Structures are given as C-alpha cells and as structure tokens.
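**Q** Here are the chains, one letter per residue:
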Amino acid sequence: MSGNLVEIQGLHFAYSDRPILKGIDLNARRGQVVAIMGNSGCGKTTLFRLISGAVKPTRGTLKVDGLNVGDLDQDGLYQLRRRMGVLFQFGALFTDMSVFDNVAFQMREHTDLPEAMIRDLVLMKLNAVGLRGAHDLMTSELSGGMARRVALARAIALDPMLILFDEPFAGLDPISLGVIGNLIRRLTDTLGLTSIVVTHDVQESLKMVDYVYFISEGMVEAQGTPAEIKASGLPFVHQFVHGEEDGPVPFHYPADPYPADLRLSYA
Amino acid sequence: MPERSIGGIRKVGHRTIDGVWRMGVATRFFLLTLLHSGICLRRPHLVIREIFSAGVLSLIIIVVSGLFVGMVLGLQGYETLQTYGSEEALGILVALSLVRELGPVVAALLFASRAGSAITAEIGLMKATEQIAAMEMMAVDPIARVVAPRFWGAVISMPLLAALFSAMGIFGGYLVGVVMIGVDDGAFWSQMQSAVDFREDILNGVIKSVVFGVAVTAVALFEGYDAPPTAEGVSRATTRTVVTSSLAILALDFVLTALMFRGV
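As you go down the protein sequences, you meet chains A and B in turn. Position 64 of the first sequence, counted from 1, bears residue number 79 in the numbering used here, the numbering being contiguous throughout. Position 36 of the second sequence, counted from 1, bears residue number 37 in the numbering used here, the numbering being contiguous throughout.
What the hints contain is simulated information worked out from the structure, not anything from laboratory work. Quantities reported herein were computed from a predicted structural model and do not represent experimental measurements.
Derived, one-sided and incomplete: chain B residues facing chain A with beta-carbon distance under 8 Å:
hint	residue
1	THR130
2	GLU131
3	GLN132
4	ALA134
5	ALA135
6	MET138
7	MET139
8	ALA140
9	VAL141
Now the stretches of chain A that chain B is said to cover, found in silico as 3 or more residues with beta-carbon under 8 Å:
hint	region
10	103 to 111
11	118 to 127
Every residue, glycine too, gets a C-beta built ideally from N, C-alpha and C.
Using the sequences and the hints given, assemble the complete structure.
**A** Next comes the structure, spelled out in structure tokens:
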C-alpha cells in the first residue's frame, strides 16, 4: 500500500476550451493534513471537485487509495465516496432535519445498524466536536461555527479515510476559527484520517497543516512544510503569506492606461 | 442577406436547439425518477412525509376553493336552469361540472400554485445551499432520496385533493341551491345519483387528476433540480413551474376531454 492516499500527476482540466488546471502534481500522505492554497479563481475549488469525483480530468491521473477517480463509473464513485467525507464551505446541512438526523443520515442510508446503536454513534460523533448537547436543535438554530462543527461530525460519521474541507474557515469569528482548526488537526490524528483543506486562510492553516501546496493560474507555484513556506523567498508565496496588496498577483485587473480610460488630453 | 436577419435566424436556431436539448434533459430526468422509484416501496415513510407536505398542507386552499366554486356554480346554474323550468336538475349540473371538469382542473391549478411552487423552491434552495451536492458526496443519489419520494407523494395526493375539491363543491352547490334558494332536496340528490356515471364521469375525472398530478409534479421537480443556484434562479424556476404546469394542465385537459367524452 502506497504511503500516499491521494496521488495526482500531470492533471489538466478545462471547462470547454478554458483551461483551469495546467499540469498539477500533488500528493497527500496518509495521516497528513494537506492544505491547498491560492488566490480566488486559481483553480483550487476545481481541484477539490476533481478529487471528489464531481468532475473528471481532461488529462493526467488522479488516484485516491489507488483508484483512478476519472475511470470510475457512478457505482465505483459512490463506493469510493462512502470512504470519503466532505465538508462544504457553509456546512450544507440538511435544513429539514435536526442536528441528530443530519449526523445519522449516512448511517441510516448506508448501514443496517439498529436505531439504538445509531443513537450512540451519533452522540459520540457530536461529542467529538463538542456539540452533543445540541443534538435536538434544528440547523436554523445553529451559529455559523456550530453548523460547521455539525457538518464535521456528519463528515466523520462513517469513519472515512479521507476528508475534504472546502474553505472551512470562511466567515468564522476568531474563536470558531481556532476551534475548527484544532478539530481538523485532532480528528485527523485520533481517527487516522487524511485531510485535504482548500483554504485562503494562511495564518490559521500554517498552524495545523503538515504540508502546503500553493496554486496560481492552474499550476503548483510552491510547496513545502509550513516552516518552509514561512521562510520562502518566492514573491508569490511572500505576497500571499503576508497578505500584500500588490505583487505577482496584481491589485488591478488588466486594463488600458488609466489616463486613456479617463480620456485625459495628455494621455 | 443583411447581417441583422442572419443574427435573428441564428438566435431562433439557438433557442430551438436549447429548447430541444432541455426537453431531452427533462425527459431523461423524468425517466431516472421512475427508475429510482423503488425506494418508495422500500421506505414508504419517505412518501408519506411528502404526501403530508404536498397533500395535507394543501387541504385548506382546496377545501375553501371547492366550497366557493360549488356555491358559485349553484347560483349561476340555478339562474340558467330556472329559465327553462328545470331547477331540479341543479344537482346534475353541479356534480357533472365538478366531477368531469372543474374538480380535476381547478384542483390541479391550485395544486400547481401551492405544492408545485413549494417543491421547486425547496429543491432549488437545496441545490443553492449545496445540500444536493452534499448528498451526492455522501454516495446518496438525490434523484432516489429527494426527487422520487416527492414525485410519488404529490402524484398520490393530487387525485385525493381533486376528489375532495369536487365533494366540497357539491356541498357548496347544495348549500346555495337547496338550503338558501329552496330547490327540492330529494330532486337535487336523486337526479345527481341517476345522471352521474361512475366509469364515464367519476373514473375519467380521477384519470384526469392523476395525469395532471404527474405533469405538475414532473415540471416542479425538474424546474427545481435544474434551477441556477442563485436567489434569482430559484425565483425564476418557481415562476416557470406555475406558468408551465398551468398551461400543461389546460392543454392536457383538452386532449383528455376530447379522448374521454367524444360521442357521449
């Protein structure tokens, strides 16, 4: 068994004739938390969709646990997804169900466990994210941070081997942000998972991930451990880590010269 | 040929191709829904829940509308029949109008406005908030888990609601014709009993309401599932559901009436 749970080589993807990813190489070792970072529109969400099998690569290989995701039919994909958890940006909890039913959803759909056992398992999962006491609440009664934690409990419901996190820190207050970051790290370690985190949040991510890939314009621009990334002299990484306004990623969208656009006579 | 004419022809061509493509997608979606309907037999509670949402929650509008439509029929019918001295035939007029035509059609139009729009909005919002995507990521087919139970729940509810609409309408006609105006009670009921045929009238009415139920629900589900995941997209899809299914009901009603009642 390879040490890498996710192996991506020479991955290309295009929407119609618009290329999004241009030859990505990326690995996620078992038991690691791997972050995929980059500016908006760089292709990281597309990469997330490719790993989950929502779209198929145009070229290249993408293997999860040795299975080439692009070659799987729907049954094969569903078999693989039973061993994967996905946490969406805003949780994507089922709004017509309680917290308990959300976490129990996959257990009821995919197993024949008796209801008493499902109850115990759901409470254990909710306890792991600190929300056992909220099991009776409806999703509309949860704050953003709580919803994200319930979604995390739902993602680990069937003890997956891999969890994909899509912008898990977006829109959270500093306390919730720290809680979610710690939970991702702790659950990855205690449950022996592999986690891939697609995020913008550099500071929070660098505290808890094992390896980082920076993507820019559909290519891996830089990669390394958090310490290597912090020490990186690459202008793109420097701009991103320090949140600088201008640099390799320009502040201004490409345009004609400013005076010309304003029709000034000296232009 | 001027550039503008070519542009116009191109636009018409694009729209035609888009329309045909969308019809194909809708047909495939409908067939997939039927194909995944086994879950409704294995887990009937999913369908019962949808019968509650689509049927039970539509009861008020159906009961009240049926009553008023029947009362209006009673008044209008009496006015006309009185001219020919046949006011005892009021029961026949009210019952046949409702059972054959108004019951299935008006109930279906109300059903499209209340339950159809709700189905579209619910599924559209589930898509916009990534609940459908989350379900797919959990290896649960949303067509089987979300769409098929709603389809059968609504299709089962529709003929029951149409029957209730007709019953309330007849009661409304009775209230106005017999209780308020004073048409003979015995004549009202006995003439209705002798003139309304179970197969020709009631069964055909039930068939109509089943067909309308399938049409309304199929349109509502597809529009919701196909809606762009934005507030505007869901809003437009909801409007399209009401407009398309209302037109489909009226068109289908003509076709079914022509097939069922010719020569009668």
